[in-house]
Amino acid sequence: MKRVFIPIGVALKQARDAYGYPKDYGICACYDVENMGWCKDEVTRWYHFTSVDGKPAYTLKR
Numbered sequence: 018m019k020r021v022f023i024p025i026g027v028a029l030k031q032a033r034d035a036y037g038y039p040k041d042y043g044i045c046a047c048y049d050v051e052n053m054g055w056c057k058d059e060v061t062r063w064y065h066f067t068s069v070d071g072k073p074a075y076t077l078k079r
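Residues in the sequence shown are numbered from 18 upward in steps of one, following this note's numbering.
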């Protein structure tokens, strides 16, 4: 199944609303990150995770 892009702000809001996490939790605290790495620009980081609704997803963090 192809991963869907979820902007990091939306992904964090979904996890906080669904699980009651505090606002200072980041992507790795809110989700079980399956894989992560650097983009070719060497500034942006990508994260693979399973979204709140169970779909494979990815997000980018600058």
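No lab work stands behind these hints, which were simulated from the structure alone. A quick note: this is a predicted structure, and the numbers were derived from the prediction, not measured. Be aware that a few hints might be false.
Label-pair distances were calculated between CB atoms; the ranges are [what the hints assert, rightly or not]: (1) G37 x K57: 31 to 41 Å; (2) G71 x I25: 15 to 25 Å; (3) G37 x V60: 15 to 25 Å; (4) P24 x K57: 31 to 41 Å; (5) M18 x D41: 15 to 25 Å; (6) E59 x G37: 14 to 24 Å.
Taking lysine to aspartate or glutamate pairs in the DMTMM-like style, the calculated list, with each CA pair at most 25 Å apart, reads [said to hold, decoys possible]: (7) K57 x D70; (8) K40 x D70; (9) K19 x D49; (10) K19 x D41; (11) K72 x D34; (12) K78 x D49; (13) K78 x D34; (14) K78 x D58.
We treat Cβ as the ideally placed atom computed from N, Cα and C, and that holds for glycine.
Taking the hints in turn, this is what the structure says about them:
1. Between G37 and K57 the CB atoms are about 36 Å apart, so this pair conforms to the stated range of 31 to 41 Å.
2. At about 19 Å, the beta-carbon gap between G71 and I25 stays in the expected band of 15 to 25 Å.
3. Separation of G37 from V60 is about 32 Å and departs from the stated range, judged on CB atoms against 15 to 25 Å.
4. Against the hinted window of 31 to 41 Å, the Cβ-Cβ separation of P24 and K57 comes to about 20 Å, which falls outside the hint.
5. Roughly 32 Å separates the CB atoms of M18 and D41, a value that falls outside the hinted 15 to 25 Å.
6. Range check, E59 to G37: about 35 Å between beta-carbon atoms, so the 14 to 24 Å window is missed.
7. For the given pair, K57 sits about 29 Å from D70 by alpha-carbon distance, which is inconsistent with the 25 Å threshold.
8. Between K40 and D70 the CA atoms are separated by roughly 20 Å; this keeps the pair inside 25 Å, and the hint holds.
9. At most 25 Å may separate the alpha-carbon atoms for a hinted pair to count; K19 and D49 meet this at roughly 18 Å.
10. With a CA separation close to 30 Å, the supplied pair K19 and D41 exceeds the 25 Å bound.
11. Restraint check: the Cα-Cα separation between K72 and D34 comes to about 17 Å, which is no more than 25 Å; the hinted pair holds.
12. Between K78 and D49 the CA atoms are separated by roughly 16 Å; this keeps the pair inside 25 Å, and the hint holds.
13. Our distance criterion of 25 Å between C-alpha atoms is met by K78 and D34, whose separation comes to about 20 Å.
14. Only pairs whose Cα atoms come within 25 Å are accepted, and K78 paired with D58 is accepted, the gap being roughly 12 Å.
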